[in-house]
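Listed in order, the protein sequences are those of chains U and G.
When we follow the numbering used here, the leftmost residue of the first sequence carries the number 1, and every step to the right adds one.
When we follow the numbering used here, the leftmost residue of the second sequence carries the number 1001, and every step to the right adds one.
None of these hints come from the bench; they were simulated from the model.
One thing to keep in mind: the hints can contain errors.
To be verified - Derived DEER-like restraints, expressed as beta-carbon distance ranges:
| id | chain 1 | residue 1 | chain 2 | residue 2 | range |
| --- | --- | --- | --- | --- | --- |
| 1 | G | Thr1011 | U | Ser928 | 51 to 61 angstroms |
| 2 | G | Gly1077 | U | Ala143 | 56 to 66 angstroms |
| 3 | G | Gln1031 | U | Ala864 | 24 to 34 angstroms |
To be verified - Quick look at which bits of chain G chain U covers, simulated, 3 or more residues with Cβ under 8 angstroms:
| id | segment |
| --- | --- |
| 4 | 1037-1047 |
| 5 | 1098-1106 |
| 6 | 1154-1163 |
Said to hold, decoys possible - Not close to chain U: a few residues of chain G, all C-beta gaps over 12 angstroms, as computed:
| id | residue |
| --- | --- |
| 7 | Leu1006 |
| 8 | Glu1067 |
| 9 | Gly1077 |
| 10 | Pro1116 |
| 11 | Pro1133 |
| 12 | Glu1137 |
| 13 | Arg1141 |
| 14 | Ala1168 |
| 15 | Ala1173 |
| 16 | Ser1176 |
| 17 | Leu1200 |
| 18 | Gly1201 |
| 19 | Gly1203 |
| 20 | Asp1208 |
| 21 | Ala1211 |
Where a beta carbon is used, it is the ideal one built from N, C-alpha and C, also for glycine.
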Amino acid sequence: MTRLPPQDGERVDREREVTFTFDGREVTGLEGDTIGSALFASGRRTFSRSFKYHRRRGLMCCAGQCPNCLVQVDGAPGVRACTEPVQEGMEVEHMNARPSLEFDAMRATDLFGGPFTPPGFYYKTFIRPRRLWPLYEKILRHAAGLGKVPKEQAEREWRTEYRRRHADILVVGGGAAGLSAAIAAAELGADVVLADEGPEPGGRLLAEGNHARARELTARARDLGVELLTSAPALGAFDGLVPVWERDTLHQVRAQRIVYATGAIEQPLLFPGNDLPGVMLSGGAVRLATLYGISPGSRAVVATVDDRGLEAAVALLARGVEVATVADLREHGNSDAMKQLMRQGVHVLRGATVLQAEGRSSLQRVTLGPPGAGEGGAGEHELTCDLLAVSGGSAPATSLLAQSGARTRYDERLGHFVLSEMPEGAHAAGEVAGSGSLFEAERSGAVAGAGAAHELGFGDDESRARVETERKTVLNSRDGMPEVAVPPAVTSSRRGKCFACLCEDVTAKDIHLSVEEGYDSIELSKRYTTTTMGPCQGRMCQLPAVRLMAEETGTSLADVGTTTARPPWHAVPMGALAGRPFEPAKRSSMHARHRELGANVLWAGDWRRAYDYGDPRAEALAVHETAGLIDVSTLGKLIVRGPDAGELLDRLYPNRFSNLAPGRIRYGVMASDAGRIMDDGTICRLDDDSFYVTTTSSGAGAVYQWFSWWLADWRLNVHLTDVTQGLSAVNLAGPRAREILASLTDLDCSAEGFAYLDGKRADVAGVPCLLLRIGFVGEVGYELHFPSAHGEHLWDALMEAGGPLGLRPFGLEPQRLLRLQKMHILVGQDTDSESTPFGAAMPWIVKLDKEQPFIGKWALEKAASGELETTLVGFRLADGHVPTEGAVVLPDGDGPVGQVTSARFSPQLGGVIGMAWVPVSLAKDGASVTISDEGRRLQAEVVTKPFYDPDGEVLRS
Amino acid sequence: MSYEFLTPAPTALARSPMERQALAAGARLEQRDGWNVAVAYDGEPPERGRCAATAGFADRSHLGKVELQGSHGLPLGQATRRDDAWWCPFTPEKALVLCEPADTATLLERLEGTFPTVVDLTSALAALTISGPLAREVFARFTAIDLRDSATPVEGFRPGSVGRTPGAILREAGESWLMLFGAALGSYMWTVVADAAESLGGGPVGVDALAVANA
C-alpha cells in the first residue's frame, strides 16, 4: 500500500474520494490530494519525459520547484502536478512523449543521439547540407516545446483579471517567518497582504508536521485582517509593484514595504542517474508522507550534506518507511537527528555521498561512497532501494529580492549565496535571511514585519525598543547555523549523465563543453546551454551550475557569481499576464444613429467613426447636389481664454490671430520648432479674450499638450480648456444646407448675414450652437458645435428638416474625396514630418513679417530663403486607374522624386484626381509626371488650383 | 459671444453617453431637468440589495460639471461640500464643481464673476457612481488609484487613470464613489465597469435606488 495510515495534520480527507483521468484512464484520489500525490498513490512513478532526451522523470520536490511533474490539465499545459489540487472530472494528460508516456519514441535521442546533441546542437549538427535546414527546422520545432495549446480559440480563452491592490506591507511567503511578519505588522495597525505559493499558508510548518502551529498563525493573521492570498506566487519585483498570480487573477500589489519570507530551496546532488524516478529531494519525500499520507518508497536511502537530510530520515522512519542507510557527507557531527538515527539503529555512512543511481524505469539501486570515487573504488556500498532522498544543502530563494535590488555574496561555510545588501523598503525574514530553524524563522519574521510597520510610522517607542532587542537576538542566532558539507560539483567520476539542469536537460558535461568553447562566464554559459532558463527558473540548477563553472574555470564560486534574476520567478500563463483587454474607444454622441443608418464604422485614431453609409460616391454627390451631413465631433476643440490669448496664438502659429475680429474665423497651420507642419484647423474669435480652436481629430491631445507646454514656459495670462468631448459637431454642407439650417434657427443665414468664415452663436432646433461657416468639403457649409448631450436631438432635427430636401448623411470616405477636390490637405497624409507650409503650397500662411516671434520662425525663414526641392500639387489621370497612395512619382521615367499622397475617383469631376509631391520644376499647370504604381506607369497632368470651384465662388456664395 | 453653446439647454433633450447601454441593461428612463435619466432597472429592492451586498453602479452623467480656472484655495486631494455642490480641485489653479443639473445655470452665473475662466463641462464628462461593499473591488479591476480609507477617505478626490483613460474619483460617502471620465468614452467605460461589477455579483442600479441606498 502506498497510502500510509492517517497522519497527524495530513491535508487529505480519507472519507472523500475524487475521480479524475490521466491520459484517459480513471484515477481515484482523495479530497486534498494534488494531482501528483493522487497519481503517486495510484502507483504512477513516471510523470513526464524530459525536454531533450525524453528520459523518465518522477516526483522530486513535491513543492512546485522542479520541472519533473509538468502535465496538461483540462487543455492547459505546464501545470505542476505536485501542487495542483485534484478536482472531480479533471482531465490530466502527460506532456512531451509520443506515442505514450511509458513508450516514448524520442527516447532514442538519449540512447543514440548523445554525440549529436551537445549544447546549441541545432546550430551545429543541422547546418549541412544547407538546403535541408527548412526540413530540420520543421522537425526541431515539432520536437521542441512542452504541451499543446488547444487549436480552437474558444478553448484557449478563459476569464482573467487584473486586480490592483495597495497595501502598507506585502509579505511574500506564508511560512513561519511570513505569517509571523504579517501578524506583527498587522498588530501594529498596518494593512497587510500575504502571498503564498501553497494552497494554505504554513510552508515548512506543514511539511514538517507542525500543522497546528501553522493553522494557529494563519487564523491569527486572518483575525487581524491580513489578506491571505494562497496558491498565489509572486512573479517578480518591479519598483514597488509585485505581481502576484492567483489562478485567474493577477494581483498588482503596490506596497510601501515588502517583507520577503521566500524561504530556501533544497538543492539536488549531481551524480549519474540523478534524474531517475525514485530520486527525490528529502523534503519532497517528507511532504508526500506528511501532507498526503503516502509512502514515498518502501526502502529508502538518504544522502545529505546537512541536518536537513537527517531530519528527513527521522521523519520517514517515524512514518514507517524503512531507511536502509544514510550517507552524510560530513565527517563529524552529532546533531539531535543524528542521535535519533543512531538510537534507531540506522546505518550511517559519514563522509560519504551518493555516487550513482541505477534502474530501468525507476530507481532500483544506489552506490554510496566517498565523493569523487570512480568505478569500484574503496569504501563503496551498493544498496537496493526504491527511494533515494537527497539533500544537497539549501539555497536561499533570493531571486525576488535580487530583482528588487538586493545583493548576494557567496558564503564558504554555508556553501551557498546569502544576502549581503538589502534595498530600501525591503525586509527579509526566515530562511532566505539565514534564520534556519522554525523557531528562529518565526522570530525573524516578527522582527521584519514589525520593523516594516515601524518604518511606516506604526507602533510606538515601546514596540520599537522591543523589536530592536529581538533583532539583535535574531542576528546573533544566525551565527550559530549548523555545519554544512559543501558538496563537490559532481559527486563521482562514474559514467552516465549527471543533470545540472533538469528543465533543459543540461548535463555537467554540457557545462564543460560550453566552457571549452569559450562560454566561460555564468551569464554566457546560461545563454549557450539555457541552464536556469527553464520552468524552475534556476531553483534547482543555479547553484549546481555555479559550482560546475567554478570547477571548470578554476575560479571561486564567489568570482563566478550568479546569473541576473529576472521575472517571472514562477511560470505563469500568458493569459494571466494579459489580463482583461481594455480598448478605450471614443464614440461621438451620435454614434448610435450612425449605426442605425447602416454606417460602416472604422477606427480613426482613438475614435470609432462612420466611414461611409454604404455608398460613398453617392454620398459625395449628394453634398454637391442637395446637402450632406457629417459627424465631425472627433475634431479637437479648445477654448483659449485670457487677456493674452491672441498673443499666445500668434506665438504658436505662423500666421496672425491677434488681429482677427470677434465672430470671424481663420485657418491655421501649426508648425514645429523646425518649421514642419504639425497640425491644422480653424480658429474662431469668440470675443476680445476668447478663441475657439479646432484641431485635427488625431492631433487633439498633442495640440493641447503643445499649447500647455508653451503656455507654462511663456507664463501668459491665458487659460486652456479642452472641450473636445464636451462638444459634438456636425458639418451641414451643400446647395440646400442654408435652407435646411434656416428652417431650424432664427439666425439670419443669408450669404450677407452669415458670410463665409463667420462664426456665430445661435440656437438650432432648441440646441445652443456655435456655428462656423467654413467649407472643408467645398460647398456652402456650416459646422455646428453644440453640447454633446444633445447629439441625437440635433442630428434627428437636421435629418428631419433636411430629409425632404435630399439631405443624406455622409461619412469619412466621401469627405476625403470632397476635400481632395478642393485640394485641402490632410495633415499626416498629404504631409509628413519634413513638410513645411512652403512645400505644402501654403506660403501665404507664413507671416514672416509678424512682429511677434513664433514657433518655427527661424526655420521657416531659412526655408523661405532656400530653394524648395519638391512641392505639393494636384494631378489628374486620364486612364481611370486610381493610383495607390504612396505610389512613386518619376519625372522622366527614371528615379523616384516624389510620391502620391491622395488619390480618388471623383464622380463629380468624372475622373481620377489626386495630390502628390513633385519637383518644383514640375509644379505648374499642365506639366506631365509619370506615376509608377505596382508595375504600371501612369501619365498624370499637374494641377495647381483646386479641382472643384477653384476660385471659391461656390464656397462664398 | 457667450459660452452658452457649451451648456445643455432645457429646450432640448439631453442624453447620457451611456444611455444605450443602460437601456440594453433594462433601464427605465425618466426626463429630469432636461435629461433622460436611468432611474431604475429591476426594481428598487433588488437594486438597493445590490448596493448593500455587492456593488451597484449608476449613471450620473446628468450632474452639472463646471470647470473653474484661477486660484481657488481648495485643499488638494480632497473635495469640499459647499452650497450643495462638490468642489473638486485638480491643481491649485483648476477645479471642477459638481452640482445637481437644475443648479448648473445659477452656479455658472455665480462663478463667472469670481474666477477668470469658468467653463461648463457637463457634456464633456460622463459620471458613474459605484456603491456597495465590493465597490472598491470593482474599481481594482480597472484602476490603480488607491481607494483605501488611508489614501482616499470620505470626501477624498483622486484624479488619475481609470480603465486606461484620464478620469477622477470622488468618494462621496462610506462605500460610494463617483467616477468622472470623458463623455466620448461613456460606452466603453460602461462595458468596463459592468464587466467588473457583474463578475463580482454586482450590476446597474437606478439613481433612485442609489439615492435611497446612500441616504
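Hint by hint, here is what the structure shows:
1. Thr1011/G to Ser928/U: 51 to 61 angstroms: holds, 58 angstroms
2. Gly1077/G to Ala143/U: 56 to 66 angstroms: For Ala143/U against Gly1077/G, whose Cβ atoms are near 59 angstroms apart, the range 56 to 66 angstroms holds.
3. Gln1031/G to Ala864/U: 24 to 34 angstroms: Once the Cβ atoms are compared, 59 angstroms apart, the range 24 to 34 angstroms for Ala864/U and Gln1031/G is violated.
4. 1037-1047: Violated, because only 0 residues of the segment 1037-1047 of chain G bring their Cβ atoms closer than 8 angstroms to Cβ atoms of chain U.
5. 1098-1106: Our answer is that it is violated, as 0 residues pass the Cβ test (under 8 angstroms) against chain U, missing three.
6. 1154-1163: Check failed, 1 qualifying residues.
7. Leu1006: violated, 6 angstroms
8. Glu1067: violated, 6 angstroms
9. Gly1077: holds, 15 angstroms
10. Pro1116: The assertion about Pro1116/G is violated, with a minimum of 6 angstroms to chain U.
11. Pro1133: holds, 15 angstroms
12. Glu1137: The claim breaks: Glu1137/G does not keep its Cβ more than 12 angstroms from every Cβ of chain U (closest is about 8 angstroms).
13. Arg1141: violated, 6 angstroms
14. Ala1168: Holds: least Cβ distance 14 angstroms, greater than 12 angstroms.
15. Ala1173: Ala1173/G is indeed farther than 12 angstroms from all Cβ atoms of chain U, at 20 angstroms.
16. Ser1176: holds, 19 angstroms
17. Leu1200: violated, 10 angstroms
18. Gly1201: Gly1201/G clear of chain U: closest Cβ-Cβ about 14 angstroms, beyond 12 angstroms.
19. Gly1203: holds, 17 angstroms
20. Asp1208: holds, 21 angstroms
21. Ala1211: Given a closest Cβ separation of 21 angstroms, the condition holds.
In terms of the numbered hints stated before, the structure departs from hints 3, 4, 5, 6, 7, 8, 10, 12, 13, 17, listed from lowest to highest.
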